[in-house]
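Enquirer: Using the hints provided, position chain B relative to the given structure of chain A.
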Amino acid sequence: DGGITQSPKYLFRKEGQNVTLSCEQNLNHDAMYWYRQDPGQGLRLIYYSQIVNDFQKGDIAEGYSVSREKKESFPLTVTSAQKNPTAFYLCATMQRGFEKLFFGSGTQLSVL
Amino acid sequence: GESVGLHLPTLSVQEGDNSIINCAYSNSASDYFIWYKQESGKGPQFIIDIRSNMDKRQGQRVTVLLNKTVKHLSLQIAATQPGDSAVYFCAENIIAGGSYIPTFGRGTSLIVHP
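Chains A and B, in that order, are what the protein sequence lines are.
Sequential numbering from 1 applies to the first sequence in my numbering.
Sequential numbering from 113 applies to the second sequence in my numbering.
Keep in mind the hints are simulated off the structure, nothing from the lab.
Do not rely on the hints blindly, as some may be mistaken.
[As the list claims (entries may be wrong)] Which residues of chain A face chain B? A few of them, derived with a C-beta cut under 10 Å, are:
no., residue
1, 40
2, 48
3, 58
4, 100
[Unchecked claim] Label pairs and their calculated CB-CB ranges:
no., chain 1, residue 1, chain 2, residue 2, range
5, B, 163, A, 57, 25 to 31 Å
6, B, 132, A, 15, 43 to 49 Å
7, A, 63, B, 128, 45 to 51 Å
8, A, 59, B, 225, 33 to 39 Å
[Said to hold, decoys possible] Calculated lysine to aspartate or glutamate pairs in the DMTMM-like style (CA-CA distance at most 25 Å, straight line):
no., chain 1, residue 1, chain 2, residue 2
9, A, 100, B, 151
10, A, 100, B, 143
11, B, 149, A, 99
12, B, 149, A, 30
13, B, 183, A, 59
14, A, 100, B, 196
15, A, 100, A, 38
16, B, 154, A, 72
17, B, 154, A, 99
18, B, 149, B, 196
19, B, 180, B, 161
20, B, 154, A, 59
21, B, 183, A, 99
22, B, 149, A, 24
23, B, 149, A, 38
24, A, 57, B, 143
25, A, 9, B, 151
26, B, 154, A, 30
Predicted, not measured: the structure shown is a model, and the values here were computed from it.
Heads up, the beta-carbon is just placed ideally off N, CA and C, and yes, glycines get one too.
For reference, chain A alone in the conformation it holds in the complex:
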């Protein structure tokens, strides 16, 4: 995980509530990514950001929002519009010119 901190490790959401997952990195990597992982499935891309103040939708962006105000931080908000939010959420970074991802340890989000 080194250098990428995701918090909290476990998060519970009530119906109609927005929740925010934190991702902080000290690797000085340019790009950051959010993936969703459901049991028995691969990782699906939610949002990604190549530079500060810019981000792009991934394959499953509906019901999620992000911001990239600082290079080190890329928080993900799961909004009430996301009707099936229970999943394991992974944040990752990539340094420009080196195409491999470095992952955080993930946040498990569950619905109460």
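Expert: Only chain B this time, still in chain A's reference frame:
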């Protein structure tokens, strides 16, 4: 053996055997491929990578083979150990708008029996 269905594909091997995990990728224009290992409750970690101008690349106990004709990757693990038990993902880096978008396969669960 290997099973595919609603659950994650699973490969069960005995300790000391060689393991082969297969992956099909989707984009013939992809030029960079990576294998990641994910242990339970953790984020995936890089194992080995290969560029499209290569057919084979070897690491420590791991080998990746690339067959561009049929868009197929395989990961070979020699002398499999219990610590190799994990889910293994292949990923292709698709370029979109000048950005690398890592796109993951479904994953294979490797179970190593002592």
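Enquirer: Next, verify each hint and record whether it holds.
Expert: Going down the list of hints, with the structure as the test:
| no. | hint | verdict |
| --- | --- | --- |
| 1 | 40 | holds, 5 Å |
| 2 | 48 | holds, 7 Å |
| 3 | 58 | holds, 8 Å |
| 4 | 100 | holds, 5 Å |
| 5 | B/163 <-> A/57: 25 to 31 Å | holds, 28 Å |
| 6 | B/132 <-> A/15: 43 to 49 Å | holds, 45 Å |
| 7 | A/63 <-> B/128: 45 to 51 Å | holds, 46 Å |
| 8 | A/59 <-> B/225: 33 to 39 Å | holds, 36 Å |
| 9 | A/100 <-> B/151 | holds, 18 Å |
| 10 | A/100 <-> B/143 | holds, 13 Å |
| 11 | B/149 <-> A/99 | holds, 16 Å |
| 12 | B/149 <-> A/30 | holds, 23 Å |
| 13 | B/183 <-> A/59 | holds, 22 Å |
| 14 | A/100 <-> B/196 | holds, 20 Å |
| 15 | A/100 <-> A/38 | holds, 22 Å |
| 16 | B/154 <-> A/72 | holds, 21 Å |
| 17 | B/154 <-> A/99 | holds, 21 Å |
| 18 | B/149 <-> B/196 | holds, 9 Å |
| 19 | B/180 <-> B/161 | holds, 15 Å |
| 20 | B/154 <-> A/59 | holds, 23 Å |
| 21 | B/183 <-> A/99 | holds, 20 Å |
| 22 | B/149 <-> A/24 | holds, 22 Å |
| 23 | B/149 <-> A/38 | holds, 16 Å |
| 24 | A/57 <-> B/143 | holds, 22 Å |
| 25 | A/9 <-> B/151 | holds, 16 Å |
| 26 | B/154 <-> A/30 | holds, 23 Å |
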